[in-house]
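From first to last, the protein sequence lines are chains A, B and C.
Note that our numbering numbers the first sequence so that position 185 is 185, with each residue one more than the last.
Numbering-wise, our numbering comes out as the position in the second sequence, counting from 1, plus 361.
Numbering-wise, our numbering comes out as the position in the third sequence, counting from 1, plus 847.
Some clues are possibly wrong.
[Claimed, not checked] Quick list of in silico lysine-lysine cross-link-like pairs, PhoX-like style, CA-CA up to 20 Å: (1) A:LYS358 to B:LYS678; (2) B:LYS430 to C:LYS1044; (3) B:LYS487 to C:LYS860; (4) B:LYS430 to B:LYS477; (5) B:LYS678 to A:LYS209; (6) C:LYS1032 to B:LYS445; (7) A:LYS75 to A:LYS44; (8) C:LYS860 to C:LYS892; (9) A:LYS194 to A:LYS209; (10) C:LYS860 to A:LYS194; (11) B:LYS490 to C:LYS866; (12) A:LYS358 to A:LYS209; (13) C:LYS1195 to C:LYS1030; (14) A:LYS4 to B:LYS678; (15) A:LYS359 to B:LYS678.
Honestly, the hints are just simulated from the structure, not real lab data.
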Amino acid sequence: MTLKYLIQKEFIQIRRNAFLPRLIVAFPIVIMCVLPWVMNMEVKNVKVTVVDNDRSTLSQQLVHSVEASNYFIFKGQQPTYQAALQEVEHSRTDVVMVIPQDYSRDVTLGREPQVLIAANAVNGTKGSMGASYLTQIVTAHTRPEVTAMQSRVSTLFLYNKHLNFKLFMIPALFAIVMMLMTGFLPTLNIVGEKEAGTIEQINVTPVSKWSFILAKLIPYWIIAVFVITVCLVLAWAVYGITSVGPVWLIYVLALALALFWSSFGLIISNYSDTMQQAIFVMWFFVVMMLLLSGLFTPSRSMPSWAYATTYVNPMSYFIDAVRTVFVRGGGLSSVWHQLLALLGIGTVMGTWAVLSYKKNS
Amino acid sequence: MNAIEVNHVSKSYGKVTALDDVSFTVGKGEVFGLIGPDGAGKTSMYRILCTLLLPQSGTATVDGCDVVKQMADIRRRVGYMPGKFSLYQDLTVEENLRFFATLFGTTLEEGYDSIKAIYSQIERFKDRKAGALSGGMKQKLALSCALVHQPSVLFLDEPTTGVDPVSRKEFWDMLEGLQERDITIVASTPYLDEVRRCGRVAFLDHGQVRGIGTPVEILERFADVFNPPGIDHVQMAEAKDENVIEVEHLVKAFGSFHAVDDISFTVKRGEIFGFLGANGAGKTTAMHMLTGLNQPTGGTGRVAGYDIRTEHEQIKKHIGYMSQRFSLYEDLTVEENIRLFGGIYGMSDADISRKTDELLERLQFNEHKQDLVASLPLGWKQKLAFSVSIFHEPDIVFLDEPTGGVDPATRRQFWELIYDAAGRGITVFVTTHYMDEAEYCDRISIMVDGKIKAMGTPEELKQKFNQPDMDHVFTHLARQATRSSD
Amino acid sequence: MKQFISFVIKEAKHILRDKRTMLILFGMPLVLMLLFGFAITNDVKNVRTVVVTSSMDHLTQQAVDRLAASEYFTMTQVVGTPREAELLIRGQKADMAIVFGPDFAAKRSGVQFIVDGADPNMAQMWTSYATAVITNADGGAVNSKMLYNPQLKSAYNFVPAIMGMLLMLVCAMMTSISIVREKEKGTMEVLLVSPVKPLMIIVAKAIPYLVLAFAILIIILLMARFVLGVPLAGSLMWILVISTIYILLALSLGLLISNVAQTQLVALLLSAMVLLMPIVMLSGMLFPVESMPAILQWVSAVIPPRYYIEAMRKLMIMGVGVDQVIRELGILLLMTVLLLALALTTFKKRLE
């Protein structure tokens, strides 16, 4: 049972490190307490400026309904389109609505007036969402029959009735915390032993590759369980959000992800000579996997070549699965294929980690 | 005028006192030795003189300049080679040298003559990266870098640790050459032959100056530290006629370069086998093949009855290993280290705790059981590392320069442990640069340029080459080297 | 001067010889630009839609055909009950379901969208798109115009952010690590004792990273212009001037970190945890600052890249004159002066 002694050693070293224990406790807490507020891509506070060239009762009604909308912050009227554009350049307004001269006449005659909506689209989402809401208001004003049609359409938002962005982001945060805790720490650990030269001493002992690597991995799995527990408790305590699906499934998914990340970290450190190198390579992969995981933007919106990468991206599987369990309340039957994929990738990486560690060169 | 004056200097880090009311003077053009055990305060002294640290009390001047107020003046005048002088690993040998030359306002060409004796040994590798050199080679390059300019005062903090005896002699010859040009030199060293070449020495211990005088005076006054009575070399109860190491035509090549070039030898059970050679002769590479860290390119070898090519994992169960770089896990306590390595070799918990107590008792280490290894002095770490490497009673223990950087008394205690182990039937395979230690071995081999040039008992070798002691035997053989590399 | 030059050359060799780090340093901007330019989008596309109806009459079929014809929706299947549709959504086989009432054709009952609300933004977009298609309201009365970014490319928003992040990474993180490495390996002692002025050592170490930062800046600008088609509407000179100030600011931060840290590991963690994380999260590069709670907005007010990214968005994308970014420019200048002064005063010429 050499494994027992090696794992003991890892824990003593982690405990005795001046920095690591604090990091392991503080990091998930900070992430869970701060990031849900930050990672809010909800579009609100869209600022609107109106140019009314018609100055009729009807056009003023339209201006009032924009002013009355909760969605917009009304920034007043400008005399000309040019003046309004100046406001955009000064970042004092986001969307400009220009009501044409003959607005009132066109609407009464049943013709389509040409209302111009110009949105600052540097931030594409904000620009287009602002424009589309404003369009709805205008359409309702100009074409009452469409309003009638719209009233027949109702929407039921499943799983997230209040469209709470935090509910969407919190399970994704689990993935980020896991990635940083179980990915970066093992990387630093092995390169640290290389730089200190202690790895040579281990190499002349009869310790098998498997026990050595396992001894490096297991502590991080235990840390993963701890970290996930902290995250789940905080989600409940701070935001009142709990998992709809089975909690054990979240733990299983997290462990599968930890298997991948810790193995991946070890592979990188097996091939690196210095800490700086290891961290840079790791960081590169982390950023890529994160961006392509569907955490921030829906993976289905990606072009097909980018979507293809999600088949080998464990972060993508994890985020998909954990959102299904946590938010949608899916069970094993909903996420079994993601779980299998995660375990499969993890096993391959684990084997690679063992094989790439050379006791004898 | 004295080149260096130190008056009542004290320095402490928190509770630890590094220097306690130290005073001495060094005359211009003198070679002054600063000697003492690890942790005596030598490095703090150097740093204060180089204006890297501020003294808490007392004053010091270097070349007439105050170390507190005239920082820039001093830094223009002194040269400093710190104990852990490290080169830029990713620059080539020549690039390192040129960089340091420019740094000190000179060029490699101007300084070439003053470093020729040592640099010429590594010059043929000038395009190789410093990181690819062996330990001793790096030290030689570091020496060249430190000496390429000619400051008025030169500080050398244990410059020759890990350097072979021949190169050490050449290095000190170079220092004498500098002295003739009126350069003041302050150097520290654990080697007695080097101490003897100083003009005067100060013996520093626990931050205090115990004595200042000529080397002979000091070595006599503190004979218990510097000149412990030799250990009686008892021939172990007839080394058994059973080979535990058998090597035939072993070769290790890196590209076209043969680090180990066709060596053959045997080691008998219970023997203390000294494996000697200059820096870069191939000792460490050979040892790595025997311990299963490296695959040989050619030849065969058996260690403890197992083939070094195919059964290296079996070998690892039957050997212990202690390297110059590694001692133990610094962030674990003494007890935790012992437990870890006991456990790795598959010993039971009960065995481990029983043997731990025995071991600590024998080393008189009981009160330090819970101390972090990082907090122990170097000599203790070495003793402990050795004890841990034979904790599982291996057939053979490999020691790679186990006693670098400690004083003679500590080394003597270390060798008592080695004899003790040999007495219990453990074969000891040891490399060293201390020739007095070579005399302690049952049998020695001397490697030159990747080949074994001589093998036999110390007596046999002295007779064969007609030399008075091992130091001369070694110098005689190592000077025949045509290549210098790792 | 000769010493200074040889110092800079030495430092450049360190950087050039570490092939793997170099590869990452230059690969990173390329990959990030490509990903943000082409892969990361919020477009409504390929929304897997299930139709729920008990009787597929003519009008229903027409509505479904209209949905299918739009590029936004992919009709996956037709089921009989909302319950079945919900199971499909839970199993991640569909994103939304459209329930047509049994007498939809008679215009008496309506349409219900059952939407996977897990991602609130997308859920709202899907409904508003689907409503528009089904009600046949193409917004004829409205003439929409997307200023500065007519094709709504997310790259426009992200290019300045990538610049802010990468320049900080190269200058602050790499400079601090390279200085601390000399401390850790003991070469710093020799350098300090040499006749070279301590300040020169630091300046010489910073110069290659400065050059590297400019190289990366130029790569990003070229890629933005010629690969992603970002207009670079504003004055190129001012873009470069403000970037230079920002690079100096990042170098000062790197120097400050190296003054505090004693080991590479600490420098690395400090740069990553204290510098990089807040920058990515709070500077507005990914998440809009205005959606954050007030307290986090205050925190983000002291994060330098926020102003850099804002200034770059205005200059590069909106193409406004430099008079519109005076505020950002002033804040960046002030921060640079403060940080540089702080870094220089805390720089230790001795070991303690």
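Status of each hint after checking the structure:
no., hint, in the structure
1, A:LYS358 to B:LYS678, "holds, 17 Å"
2, B:LYS430 to C:LYS1044, "holds, 16 Å"
3, B:LYS487 to C:LYS860, "holds, 16 Å"
4, B:LYS430 to B:LYS477, "violated, 36 Å"
5, B:LYS678 to A:LYS209, "holds, 14 Å"
6, C:LYS1032 to B:LYS445, "holds, 8 Å"
7, A:LYS75 to A:LYS44, "holds, 14 Å"
8, C:LYS860 to C:LYS892, "violated, 48 Å"
9, A:LYS194 to A:LYS209, "holds, 15 Å"
10, C:LYS860 to A:LYS194, "violated, 24 Å"
11, B:LYS490 to C:LYS866, "holds, 15 Å"
12, A:LYS358 to A:LYS209, "holds, 8 Å"
13, C:LYS1195 to C:LYS1030, "holds, 12 Å"
14, A:LYS4 to B:LYS678, "holds, 18 Å"
15, A:LYS359 to B:LYS678, "holds, 14 Å"
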